[in-house]
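**Student:** Each chain is listed here by its residues.
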Amino acid sequence: MHQLEISDLITAVDPHTGRRLPVRRTEVIQQLRESGDERAARIVAGLAADQDGVLDPHAVDRLLISVHTELQRLSEELRIGERLVHVLGPLFTAIRAAARQTGAYRLVDVGCGLGYLVRWLAATDALGADVELVGVDLDATLVGEADRLARAEGLTCRFVHGNAFDLPEAATVYVSTGVLHHFRGSALADFFQAQAASPAHAFCHFDIAATPLAPLGAWIFHRARMRNPLGRHDGVVSARRAHSDETLLRAAAVPGIRALLYEPRGTANPFCTTLRPIIGVRPHLEAPLRRALGRDARHMVGPEHLVEAGR
Amino acid sequence: MTPAIPLVLLGLADAAFSGFRAYAGSDARIRKRRANARAALRGLAVGAVLLLAPMLTAALLLLTPRDQARTYSALTAGGLGYLFPLIVYASAVLLLLAAYFALPFRASTLAMVIGLGPLTLLRPLVIAAACLGAVLNGGGGAALLVGTIAGAAVLCVEPAVHRRWYHHGP
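Protein sequence lines correspond, in order, to chains C and S.
Per this note's numbering, the very first residue in the first sequence carries number 256; after that it's consecutive.
Per this note's numbering, the very first residue in the second sequence carries number 414; after that it's consecutive.
To be clear, the hints were calculated from the coordinates, so they are not data collected in a lab.
Be careful, since some hints might not be right.
[Claimed, not checked] Listed next, the in silico DMTMM-like pairs over lysine to aspartate or glutamate satisfying Cα-Cα at most 25 Å (straight line): (1) S:Lys-445 / C:Glu-559; (2) S:Lys-445 / C:Glu-332; (3) S:Lys-445 / C:Asp-316; (4) S:Lys-445 / C:Asp-305; (5) S:Lys-445 / C:Asp-380; (6) S:Lys-445 / C:Glu-501; (7) S:Lys-445 / C:Glu-387; (8) S:Lys-445 / C:Glu-331.
The structure presented is a predicted model; accordingly, all values stated were derived computationally and were not measured.
Working from the sequences, and respecting the hints, build out all of it.
**Tutor:** See below:
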């Protein structure tokens, strides 16, 4: 049985209207029990519900904000912002060189949660003033909190509730952190297809590097740094669900996109690379991206790496 | 040489870090240096109060009418035995912290993943090792009692600070 993340199950929205749907606690518990995860079922059994057994949406929202806030601490301690800029900086350099576009470029963070990446980029101005920073999430509560936090610190960025691919303005680059493992089966390829079909120049999605040590590392780190049992549980499950290098490279190799994986297994110390990105660029951008990365370009491989690794 | 002063200093330093940990993960803002410093000071204050417990225990043991010189030398020997594992632990933490702040992000990730994260979890074991060190170094029951209370005090700082100032949950 594959493992499920509790946070994926305790909220539901209508995909067409974006309206919040009621979630029955017993149904979530049953799903978790069927997947063999008794501990997760016990965590959900402790969540507040009304007399009809529907999870209290306000309590769920408070819980998710609290868990995401703890999760941000991990991103801060692992310096995820710098890790992203290490790749996104050269990516925007390559796009600027190739596009010679007048006006702003737009970075869209898909499934931004509390918008840590977008707010950190805004606070540090790491990508330059010509990059507009937008965070998008299907969870209205998290987007609302991200917006509140950005305004509280006077940060120049914005957050939108909805589908990142339905925005009225085109993204230059789509990014995400810790989102890819939520897409299972054909949904992963569909996710990349949607970006290939958009006018975006590139995407760069960071997710947990799938190594045998990742679940153990996630357990230690979430145990040491997170208090909420839901956060601890989902952190370890995320590491178990992380997609392999091969899965990501195959799924991202869609028409019109050159799929590249940065720091795949075997080229980087797994203790130094907790998250690594799958990058997709329009084919003409690969050469300028490699130039902008300099010596680090040797850590970036395409689908041909799979053939070489398989020999 | 009395180990009391380095032990108190180590306890207070640990309390400041505990204050920081109690706050970390409860505030999603980006800029929070002042809040970090305030949390460390809160940890320091709570630690200073809680560390009075082992100090008072040691003082009471020394004030009992039995052989005070013998109790004093037992506590001194026990304190030195208690200090050794703590010095090793504190040195490792300081080295890793220096690496974390000084090195580029990949190396700092390494310092966090294999060092600072697991070392936080090991704190109760380090206290247990320190208590064992106190006994093995001739501290006897008196040093074990003071060491256990001191260990419990430093381990209580983080939950106490979190509960008092940073617990926003239901």
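**Student:** Hey, Lys-445 (chain S) versus Asp-380 (chain C), does the alpha-carbon distance stay inside 25 Å?
**Tutor:** The hint holds at about 17 Å.
**Student:** With the threshold set at 25 Å, check whether the alpha-carbon distance from Lys-445 (chain S) to Glu-331 (chain C) stays at or below it.
**Tutor:** holds, 12 Å
**Student:** Given the hint that Lys-445 (chain S) pairs with Glu-387 (chain C), does the C-alpha gap stay at or below 25 Å?
**Tutor:** holds, 24 Å
**Student:** For Lys-445 (chain S) and Glu-332 (chain C), compute the direct alpha-carbon distance and say whether it is at most 25 Å.
**Tutor:** holds, 14 Å
**Student:** Under the criterion that the straight-line Cα-Cα distance not exceed 25 Å, is the pair Lys-445 (chain S), Asp-316 (chain C) satisfied?
**Tutor:** The hint holds at about 24 Å.
**Student:** Below or equal to 25 Å on CA atoms is what counts here, so check Lys-445 (chain S) against Glu-559 (chain C).
**Tutor:** violated, 45 Å
**Student:** Please verify whether Lys-445 (chain S) and Glu-501 (chain C) have alpha carbons no more than 25 Å apart.
**Tutor:** Violated - the C-alpha atoms of Glu-501 (chain C) and Lys-445 (chain S) are around 39 Å apart, more than 25 Å.
**Student:** When you check the alpha-carbon spacing of Lys-445 (chain S) and Asp-305 (chain C), does it fall within 25 Å?
**Tutor:** violated, 37 Å
When the structure is compared with the earlier hints, violations turn up for hints 1, 4 and 6 and for no others.
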